[in-house]
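Asks: Sequence:
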Amino acid sequence: MKNTTKSTSDPSKGSENELTKKAWFWIAVITLLILAFSPALVYMSKFKSGGLSSKNIDWSQFGIYLSGTLSPVIALTGAILTFTLGFVSNRHNQTLLKKQEREKRPLINVSFMDKDTSITIALHNKGLGPMIITKYLIENEKTNQEKSGVFDWIESLPCQYGNYTGNQDNLVLREGEKRNLLRLEGELSDVSFINHRDRLRNLLGDLRIKIAYNDIYDTAMPVYTKSFSWFKRHINNPQAPKKN
Numbered sequence: 001m002k003n004t005t006k007s008t009s010d011p012s013k014g015s016e017n018e019l020t021k022k023a024w025f026w027i028a029v030i031t032l033l034i035l036a037f038s039p040a041l042v043y044m045s046k047f048k049s050g051g052l053s054s055k056n057i058d059w060s061q062f063g064i065y066l067s068g069t070l071s072p073v074i075a076l077t078g079a080i081l082t083f084t085l086g087f088v089s090n091r092h093n094q095t096l097l098k099k100q101e102r103e104k105r106p107l108i109n110v111s112f113m114d115k116d117t118s119i120t121i122a123l124h125n126k127g128l129g130p131m132i133i134t135k136y137l138i139e140n141e142k143t144n145q146e147k148s149g150v151f152d153w154i155e156s157l158p159c160q161y162g163n164y165t166g167n168q169d170n171l172v173l174r175e176g177e178k179r180n181l182l183r184l185e186g187e188l189s190d191v192s193f194i195n196h197r198d199r200l201r202n203l204l205g206d207l208r209i210k211i212a213y214n215d216i217y218d219t220a221m222p223v224y225t226k227s228f229s230w231f232k233r234h235i236n237n238p239q240a241p242k243k244n
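Anchor point for the sequence shown: position 70 equals 70 in the numbering used here, and the numbering is continuous, going up by one each time.
For the record, the hints were derived by calculation from the structure and aren't laboratory data.
Note that the structure is predicted; figures quoted are calculated from it, not measured.
Be aware that a few hints might be false.
[Claimed, not checked] Calculated cross-link-like contacts (lysine to aspartate or glutamate; reagent style EDC-like; alpha-carbon spacing at most 20 Å):
1. Lys135 <-> Asp116
2. Lys126 <-> Asp218
3. Lys210 <-> Asp152
4. Lys126 <-> Asp169
Generate the whole structure from the sequences, applying the supplied hints.
Replies: Here it is, written out as structure tokens:
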């Protein structure tokens, strides 16, 4: 099965974006300072040799100049403040989102139960948030043949199953939820059941499960893989424990 984990954002690109934003911020600040002090520079250039003018028209024209100069400065100041507040708010929101993602990470687990009278394979979400299965496969460890569900492997062993499942792509499991993938039950007095149970153990022992899944924020989790070889433990160890 191909790893379906989605590529995450490149940290180097994120750093470049941060540097670009900071560079533009300081360019805007420097421009603002230049514009703010330019009236004073003009004043010094105009009046430094002759002192203060006593003509009303000079002061009137200078006032008009100040008004025309300071208006865009004030507008630019507002734009810089808006940009800065937006930047800070965006950083804050990203921090909160990352915190929520860390607190709501799902954790998948496949468990086995193999008793004399029953066999169960169950899928659990043991994490702290919902999980969404994006790719679900069961493959033969010897031949690497892949199938999309338990049923596709056991259909050659007809029996009265308590439960079995097919493809689980797009399945959503909430926090703490459990789903049986396969359930077989019978009686020790039933010779047909005993034969079928042993054949099922032998078949399952060659398989392994692969599950790719995301959290509720669509962040890909590590692909989960587990071998079913435990079902063949009876071949070499008849006294093996009944649980896994």
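Asks: If a hint holds in the structure, say so; if it does not, say that too.
Replies: Hint-by-hint comparison with the structure:
Distance hint between Lys135 and Asp116 is unfulfilled; the C-alpha atoms sit about 32 Å from each other, more than 20 Å. With a C-alpha separation of about 18 Å, the suggested pair Lys126 and Asp218 falls inside the 20 Å cut-off, and the hint holds. Between Lys210 and Asp152, the direct Cα distance comes to roughly 15 Å. Compliance with the 20 Å bound is thereby established for this hinted pair. This hinted pair checks out: Lys126 and Asp169 have alpha carbons roughly 19 Å apart, not beyond 20 Å.
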